[in-house]
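Asker: Now for the letters of each chain:
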Amino acid sequence: MLLKSMAQKAGMSPGSLVPISDEPVNPTRISIIEYDQDYLEQVEATDEGMVAKEKASPRVTWFKVEGVGQVEAISRLGEIFGLHPLVLEDVVNTTQRPKVEEYEDYVFMVLKSVHYDQDTGAISDEQVSLVLGRSWLISFQEGGRELFGPVLERLKKGRGRIRQLGPDYLAYVLMDAVIDNYFVALEALGDEVEELEDDLLEGHDPKAMHRLHELKRQAMGFRKAVWPLREVVAWLSREGSTLVHADMHPFLRDLYDHTVQIIDQVETLRDLLSGLLDVYLSGVSNRMNEVMKVLTIIATLFIPLTFLAGLYGMNFKWMPELEWKWGYPAVLAIMLVSVIGMLIYFRRKKWL
Amino acid sequence: MLLKSMAQKAGMSPGSLVPISDEPVNPTRISIIEYDQDYLEQVEATDEGMVAKEKASPRVTWFKVEGVGQVEAISRLGEIFGLHPLVLEDVVNTTQRPKVEEYEDYVFMVLKSVHYDQDTGAISDEQVSLVLGRSWLISFQEGGRELFGPVLERLKKGRGRIRQLGPDYLAYVLMDAVIDNYFVALEALGDEVEELEDDLLEGHDPKAMHRLHELKRQAMGFRKAVWPLREVVAWLSREGSTLVHADMHPFLRDLYDHTVQIIDQVETLRDLLSGLLDVYLSGVSNRMNEVMKVLTIIATLFIPLTFLAGLYGMNFKWMPELEWKWGYPAVLAIMLVSVIGMLIYFRRKKWL
Amino acid sequence: MLLKSMAQKAGMSPGSLVPISDEPVNPTRISIIEYDQDYLEQVEATDEGMVAKEKASPRVTWFKVEGVGQVEAISRLGEIFGLHPLVLEDVVNTTQRPKVEEYEDYVFMVLKSVHYDQDTGAISDEQVSLVLGRSWLISFQEGGRELFGPVLERLKKGRGRIRQLGPDYLAYVLMDAVIDNYFVALEALGDEVEELEDDLLEGHDPKAMHRLHELKRQAMGFRKAVWPLREVVAWLSREGSTLVHADMHPFLRDLYDHTVQIIDQVETLRDLLSGLLDVYLSGVSNRMNEVMKVLTIIATLFIPLTFLAGLYGMNFKWMPELEWKWGYPAVLAIMLVSVIGMLIYFRRKKWL
Amino acid sequence: MLLKSMAQKAGMSPGSLVPISDEPVNPTRISIIEYDQDYLEQVEATDEGMVAKEKASPRVTWFKVEGVGQVEAISRLGEIFGLHPLVLEDVVNTTQRPKVEEYEDYVFMVLKSVHYDQDTGAISDEQVSLVLGRSWLISFQEGGRELFGPVLERLKKGRGRIRQLGPDYLAYVLMDAVIDNYFVALEALGDEVEELEDDLLEGHDPKAMHRLHELKRQAMGFRKAVWPLREVVAWLSREGSTLVHADMHPFLRDLYDHTVQIIDQVETLRDLLSGLLDVYLSGVSNRMNEVMKVLTIIATLFIPLTFLAGLYGMNFKWMPELEWKWGYPAVLAIMLVSVIGMLIYFRRKKWL
Amino acid sequence: MLLKSMAQKAGMSPGSLVPISDEPVNPTRISIIEYDQDYLEQVEATDEGMVAKEKASPRVTWFKVEGVGQVEAISRLGEIFGLHPLVLEDVVNTTQRPKVEEYEDYVFMVLKSVHYDQDTGAISDEQVSLVLGRSWLISFQEGGRELFGPVLERLKKGRGRIRQLGPDYLAYVLMDAVIDNYFVALEALGDEVEELEDDLLEGHDPKAMHRLHELKRQAMGFRKAVWPLREVVAWLSREGSTLVHADMHPFLRDLYDHTVQIIDQVETLRDLLSGLLDVYLSGVSNRMNEVMKVLTIIATLFIPLTFLAGLYGMNFKWMPELEWKWGYPAVLAIMLVSVIGMLIYFRRKKWL
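From first to last, the protein sequence lines stand for chains A, B, C, D and E.
Numbering of the first sequence is given in our numbering, commencing with residue 1 and proceeding in unit increments.
Numbering of the second sequence is given in our numbering, commencing with residue 1001 and proceeding in unit increments.
Numbering of the third sequence is given in our numbering, commencing with residue 2001 and proceeding in unit increments.
Numbering of the fourth sequence is given in our numbering, commencing with residue 3001 and proceeding in unit increments.
Numbering of the fifth sequence is given in our numbering, commencing with residue 4001 and proceeding in unit increments.
Calculated directly from the structure, the hints in this document are not laboratory data.
Don't be surprised by glycine CBs; every beta carbon is placed ideally from N, CA and C.
Among the clues, some could well be false.
[Said to hold, decoys possible] No more than 35 Å apart at the CA atoms, straight line, and that leaves these computed lysine-lysine pairs for DSBU-like:
| hint | chain 1 | residue 1 | chain 2 | residue 2 |
| --- | --- | --- | --- | --- |
| 1 | B | 1317 | A | 325 |
| 2 | C | 2349 | C | 2293 |
| 3 | E | 4325 | D | 3317 |
| 4 | E | 4157 | C | 2099 |
[Said to hold, decoys possible] The following residues of chain A were derived to be distant from chain B, with all beta-carbon distances above 12 Å:
| hint | residue |
| --- | --- |
| 5 | 39 |
| 6 | 225 |
| 7 | 285 |
| 8 | 286 |
| 9 | 292 |
| 10 | 313 |
| 11 | 320 |
With the rest of the complex left out, here is chain A (with noise of 0.2 Å):
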């Protein structure tokens, strides 16, 4: 997943329409919310008639698209809107890493979505891309999850500013919405880290290297999304366009605020990571340590005391202390000083 590649794209010319997905088609769905503070009302687009005549509406029209697998789809809708044929390539090719383009009518915005599944525990991601005009939005997603069911909701509920105010503020509640699952994903991520750590500083996990192996790759993927995302905000923030109001600062600052946190918290995941890397490898050296430790205190224990036992167990004829009454008792005292002598050495070396 890391690394989805645009192979397959080579030798074709720049701006074709090709789906980045051999998977059967996501069906198209384009939902039409068309809004002001008094009036909403939401439709599907059945035909492209439709599209055109609510974008032409003086009212806030946001268009909902959910998959991008159907090309003809897209691209009538580019022609509608009068959108560049690399816009229309970058919403269908999801690949992309998140940025931002000015256009002469509109802004377009590509994000990474990330998704945490609280069964597998897996995390995927998914791309979302914006285009703000005037006084319309297209959203588009890469597939049918209900990403922006909450802010729909929300926009049927009548609450708050975002019945009152343009596109331009839709767009950023559908990017904090995408921001939000960050957020998730992270502490769920931050959870695993956490389990590792005490699994690696308890004792012994032969499968640590793999998770932490597994970890690491997930902290590298989301470092991959979410440093091109806060540069996106960042220059939404900063530079912005005319076609975002001057109320959105502080808005779009506080969202600037979240992408940096995001990307601290990511930073702090790695650090732990390559902490935790030291603490199974210095683990693993303990283990051996020990190991060897009772392996030379067993040898160094009996070796000497077998070597004398094999002394005594010899044929020869003339071994005068065969004879002696006390040779047995004194061999047997011989070897008992010689093991006190070496446990005490060993403890000396601290080795018990």
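Go by the hints and put chains B, C, D and E onto chain A.
Answerer: Only chains B, C, D and E this time, still in chain A's reference frame:
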């Protein structure tokens, strides 16, 4: 603690006030200190009217808010002072990074204070937010710890510049108090690092890796808090705001120097800690080496002797050596020579 | 290959044309493609007069030069187009880093194309130089590989914008073709890394370190080629040149995004590879640990038993145990107890 | 020493003068050197009146303050020259990083001088503060070491430019004297590193890790002192102050080059030291390898022989080999063959 | 060599001319080459008058100074050309980093030339200083090596641009000659690295760590010399000086590309070397593993057998097995089974 999450806010409208913690709410207590060179009065705010009245005072007025868990109180305060909803959200949601934001009528600052508990050795942090207006200053503390006690004392005693200058100087003094706590905590951390260093250089501490890891985490947390703090102070001392008088610049520059000193020391600690990891790991290797040497010396000395003893313990009918009168002493002599040879070999290798 | 040297040029006058390689010279072949929206003609240049004539054409003219080993041909070309001697030196001396240089009448670009050989798995590179004039473009390829075949096909089929726009668009299309090859090679490299990762996580591959090292080298070479490439495209898309039409900017920005994506993936590969080194080294340590455990268990079980057996193999006259009826069974029982005790000990230590 | 703390100032009013050390106070000694091209007089300041009088002199006047422990003296000096309270605080509190601050009438600089003690090999540091006015210069030294002795000598001998130029040149000469000490200390450090390098490459030094760690600490301390020093000199040589004459620029640029050279050498030392850690660790591993080889060779040679001897030491009634005439020599021959075979095997493995 | 120190200058007046080395002084030899397109004359300068006369020549005049040990000669030259004392100090004190400084009438450059000695494999460096005036150029070489011989040849043969252009082009040609030497030395270094790489990947070289360390040191020294060199050339090619004609820019840009290529290769070497350290260390670990395996296999095979043999070597009166007819063959059979079982176990573990 490092990974406190904003995950629970996912799906909510931006700017909603939700306290970050599930703990029983800290009661919000507001003290109002109104002063000029000749006058000082401190009252506890009991209702909003009082706050609104004091806000209009021509004297310097310090609204000292302790505990940010009571969302309604904070919210009413925000209305009286005309604060942006995102400012209130940042005050209540105490997972912010230190930052400074300039609004039309006020400057909003978020700081992190650290607290070193001498009994447990734990380092905890607490969010402090300051809102600086033309003639007033609001300070929000996350908890109820007496962070600004000494400043209040100084105010009451009427010592020094503090009573002659405006709320910008008061803000500076509060920031200085916050930053001074870093030095205290950093010194405690530094002492622990030096203690660990001595333990590591002297010998074997089975818990060393855990302590090292823990200290690393703490230094990491420190670093995360203090870098953005530096940016806050740098912004104030360089670009500044019209709410901050030009005379304040030497003071802010001094504060900036303090944050740089703190960063310097944190980085030094991190370098020391990564040096200690090397010391630790090389210590582990050296101990392993020593264990192996003992095993090798013992085994190498006795294994050949044991073989010899075994050889003359065989029960072959025809073994002429066994009949010889000097067989036994000869074998003993050979053994002695072998041991001495080995010892010389080991000495040459500097194993003994 | 990484360290191709300019050492043989030491002591020569700057700007002298010396081909970098000692290999037999690649014949230099020049094709001239002259086209506008309605017209296209391709001829092979047989003498200089022809080149000079075509250069004056009002249509877009593409001089496609393959093989830069014939210094005289390159030199004559340089005279016709009035190229700076250092430009010709850089074309012939194929150890350049990617770069762009603006001259009065033309823009000179050096690129590196990579080629992944599916049979051998080897990645080779080739220098491509472009000189963009007002109405013409010269492309120099180091070797004779059909790098620009698909572009030529598209031109001939008259598809898309390529026939309507100027030589700047043609230059963009050629750069796009070069950059697309990176995705192909990068995907191959990524597959090898994932294969190695699986091998490492599953078990022991004696060649793993060699493969890891080889992949690291390749990633390093990639990185070296692609960073300056990014700068080239960034310069074109940001500062640009009067020879590049403003309409080209979205295309160049898209190209820039591609180079950033490539860099992202190369950096990810490098991170993965350094993570794999940790996995590999911890695997080696773990295997050593396991070997040591087996040795320790066997030795610890049997060494005391061997000692006991040796003890009762001594030939002392007076050893009362030897006379006892239950001596032998008792010793066997003691041995059994010792073995069981040891096994319990090992189980507690989780060695079994 | 690296972590000298400002912790004891926590809770105090900013700008309070508290000496940093608990040691008995260094007496503060003030010498006044007044000079121009033709005149030089040095007196010891006994009271403030004298200082105030000399300050007004049209000649260049150097106030040379040694020992900053007597807070009252420093404080009075500050009043006479109208120094900002924070400047005095920085002079007395000798834990500052090197820095430069421009005030209306004077420039304030903090430097760190290092001193290498040839007998103990210890490197200590000392804070030097300079305040440069229109016609006067104050130098504060933390201790009483004769740091500026040679400069005073040169002044008295009337050699060179020093007597013709203003206090800015004097400041430069003092800074040069401070920076020259770095070269001395750095050379001593470099010698120690080279010595350690030789020891490590030749063989085993049980104290190597301690020495390495100690040198790393020292290089770290150096680095911490010299980076901000570079910034100080860079500021003076680039932006400068109206108090520094334009003619001074080549000199300041030269000083800047010196600080860059020092940083270069410190970084080189750090690189060398981290290379030495690798050398050390690989040495430890190699020695372990050698120990293991000796053990393995001895054990592998003798264990099978001992088994054979044990085999024919068994007391079975029916063991036909024991009765054979050539049994004993045959066993000896087998043993010999086994040993020779092993030795050939080891030689092939290059263990011998 | 890396840490040549300026320590002996501590305490001296800045700008004093003291040669850095204690070696017997290199005689300073000055050749004067005066030329324009049609004329060239080379004379050896025998006294100052001659130098002063030639300086005034309207032709391009190259003062080629070899050996900077004779301080008086350098000093007189400085007076004639009006050079700043610090320039002379930098010429004589050959521990400078490469740098460029612009004075009113001349530009002063310090370069480091490297020399690879093919016989000893040693890389030495030499300081080259250039002073570029309106119509003259002075080149100072630290030693007497014929560094600029080929340039002089080219001048005399009247080849190429060199005779038509001014002293700025001559300076460029000399810098080019210096930089070309880096490629030669770098190629030699690269060859050594590849040789070491082959040795490491093939097997065990006991000196590998020493060679690795030595190569690292050399790469470090290279890097230290070439980074500031790049800055020098960058300054000349970007900001430039009025003494450098605009036509020079393509040449300087080319020179800059060369320095960047050198840096690229040095960084590649460093990466390769740190990769080789990993290869080396993993090789050490693998060899240790192999040694341990041999020991473990032998010990595990024979220790149980030895125990069994010892068991039936006991002298108990009542040991029924000893009386059995098939006792001995049965024990032999058990031993055989045990050995076979072990071998199967080892094969499963892939130790055999």
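Asker: Are the hints correct? Go through all of them and say.
Answerer: Against the structure, the hints come out as follows:
1. B:1317 x A:325: Holds, because 27 Å separates the two Cα atoms, which is no more than 35 Å.
2. C:2349 x C:2293: Roughly 11 Å separates the two Cα atoms, so the pair holds.
3. E:4325 x D:3317: Status holds; Cα separation ~7 Å.
4. E:4157 x C:2099: Within the cut-off at roughly 34 Å; holds.
5. 39: Nearest chain B Cβ is 20 Å from residue 39 of chain A, so the label holds.
6. 225: The claim stands: residue 225 of chain A keeps its Cβ more than 12 Å from every Cβ of chain B (closest is about 17 Å).
7. 285: 5 Å, violated
8. 286: 6 Å, violated
9. 292: 5 Å, violated
10. 313: About 4 Å separates residue 313 of chain A from the closest Cβ of chain B, which leaves it inside 12 Å; violated.
11. 320: 8 Å, violated
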